[in-house]
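So the sequences go chain by chain: A and B. For the first sequence, the residue numbers in the working numbering are -12 to 378. For the second sequence, the residue numbers in the working numbering are 10 to 379.
Not one of these hints is a red herring.
Partner residues aside, some chain A positions facing chain B, computed with beta carbon under 7 Å:
| id | residue |
| --- | --- |
| 1 | W10 |
| 2 | D11 |
| 3 | K135 |
Each computed DSS-like pair below joins lysine-lysine, with the alpha-carbon atoms no more than 25 Å apart:
| id | chain 1 | residue 1 | chain 2 | residue 2 |
| --- | --- | --- | --- | --- |
| 4 | B | K255 | A | K351 |
| 5 | B | K120 | A | K135 |
| 6 | A | K30 | A | K114 |
| 7 | B | K255 | A | K334 |
| 8 | A | K262 | A | K178 |
Everything labelled a hint here was simulated from the structure, so no lab data went into it. Given the structure is predicted, the values throughout are model-derived calculations rather than measurements. Note that beta-carbon positions come from the ideal geometry of N, C-alpha and C, so glycine has one too.
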Amino acid sequence: MDRKKMYLVILLICVSTIVSGCWDKVEIDERAFITAIGYDKYKGPTPEGAEDIEKETEEKPLNRYVRTSIYPNVSLIAEKGEGEPFFVYSTTSISWADGRAEVALRDNKNYYAYHLKAMIFSEEVAKDETLFREMFDTFQRSVFLNNKLHFFVTPGKAQDILMTDTGKNMDVGLYIEELMDKEVSPTRTAKSDLGSIVIDLNESNAALAPRILKSKDELKVSGSAVLKDNKFIGTLGELETRDALILKGEAQNVDYTIKVDGKFIVIGQTDLESKMKAYEDKDEKIRVRFAIKAEGDIIQHYFDTPNEPYDAKYIEAVNKKSSELISRDLRNLFKKVQKDFGADIFKVGEYLRKFEPDTWEKVKDEWEEIYPKIDVEVDFQMNIRRAGIQG
Amino acid sequence: MGKNNDIIASNQLFAILVNIVIGVGILTLPRTLAEKAGPDSLIVLAIGSVLFLVVALVIQKLVTKFPRKTIIEITNSALFKPVGFLVGLGYFIYTFTLVVLEVRVFGEITKNYLLVNTPIEIIIITFLITSIYLVRSGIESIARLSVIILPLSIFPAILAAAVAIPDLDFTYFLPILRTSWSDMMKALPSVFFSFLGFEFIVFIGFFVGDSKHIKKTTIRTVAFVSCVYFIFTAITIARFGIEESKNLIWPVISLFKSVDIPGTLLENVEVVIIATWLLAIFMTIAIAYFGATFLLSRLIKSKEQNYFAIALLPIIYFLALIPENIVEVTDFMNIFTNYMGTTFSIIIPGFMLLISFLRRKPKRGIKKNG
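Pulled out of the complex, with its shape left as it was, chain A reads as follows (with noise of 0.2 Å):
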């Protein structure tokens, strides 16, 4: 009996052993938690030998970028060690992987991309399109990425970005993220993820990503780049972008400055609602119409002018005024965004390929031709609904 159980216990010990698995085990606090990566072009060993650089061949493909890596000091957030509050590395590299092996040379920790958070191109890396579409297929294709990591473009170097101290002991991956996350969304720059372009690059061939740039010693999410034929093709401004969203019903709090009889007058959205149709019209002209509405409160007047805001005529004038300012501006947006890129980034196309199939067979096979020219009508109607305390 005794022996029985002598032979069990070493053949559990066996099998725990053995069975266990743990080929995938690696301490937590040896872990380097990415959070963000920058791909920079690569230009040669000194900025000025741009031709010093060795020939390409098939065995040995030239370095293309320059990968910043960051991640947080771990032991920091859990406010047990001491130190710098992220780390940076920086290498050429030919590829995503090739970055990688690069840097595990360099760095002391395990690299695990499991809760990368922001992913930035620079202006010159996204531009290039084998570039890009090399970077988007390994995104893609990899099991580590999440589908809804920020992806950024930014005009000036992404090691730059990278290697900002944001002075709030936080390294720029996770700031990145709060500000993107946080509860009141900055709407003056594009509202996109990595899964969410990827599907409009698939559906509609052009997507807004968000743009980032640093100033001094911060950094600043501002306006949008214009993405198409997967490149870069252009950037939008922080008021056209927040246009934009408005076109798309995706900006809820917006305030405008609107110049009534020689006074301005801010606005403050408090709702939106924006529907699109797209139709063909008797001429065999392709329109699109967009119908917004929105409501808002008087929250700027001039002081001092009694009883002007508090009047049904007065908000009846501000709302007529309003309407047709924006309305305006926002025409003019989406013909910029038509007649400069060519980017169908308010899915025009899609519109019509799903709710107006015969049209779209007529349309698709030229539709890069004909989308720059179709006809664009904007009703935007404000309705002030509220005026603040004061009359």
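Take the given structure of chain A and dock chain B to it, following the hints.
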């Protein structure tokens, strides 16, 4: 342990059938549908489910006609003896191949998503050893475990998919009925094959005590599975759109991946969901494995099935490792479902039912005359 008292209730049969049908098929179904039927995926899925219900009722009719008999005895009584043996052998090879394929797919998913550095051989062998434990315990234990695992595997996945609801855009299913009929017809077989596994009833029906409820169980099973398929296909395509769904290899797992439960308490929930989903695949394999051993024991007229489990393990293990890469596995799986699936789930049961009807009639005539 009452081995000779192997009887299951019809609600246990429901759990077994649902568990065996839901497994690997649903993980790729949205991709196949998006590829072939585009925005009409859900319509094709609904039509396919109804058509499968018809097939399921044919198989069920055969099973209820011959209570407490497996396909081998059914064939023996409908035709003559060697044919029964051949058909039984066919079903054995079929279930056995199914085990091999599912084991490999299970290994690939686990290695891809969960245990990146663990060799696939170890994943497969530990998994097979676990299933052997269940297979050796017999149909009663399998039935009980099915009842336990069914909610455990499906509801977390549905909950996780429900978190994606704010991101859904159901306009991806527009325009309605613009896909050509021929394309929709071409998409039907893939819906059909995602229900494969149901035909196991031709030998699991042997264990059912209350065989008069089998018809009800059949309808419930097909209805339940179609609902689950419908929910996942709808959410996946509404989340990713048609184009992106075509690109994803396991769209449903990608759906779990894209889910972000608010707050940073739990990040990357897909790991948990894949782990619970593996329970569903585990049950599929365990039941098919049991089916293979059971058919083998019937073929060589052995009273017990459990010792075949270990004997088959090395063969399953080596066969599962034959395909060179994931693409080969998928290709082989398509061939398998197209030919063997059709043969064993439609042709043979339908043929047997036809023959049994033909044989009955003269008998009844003789009786009347006599």
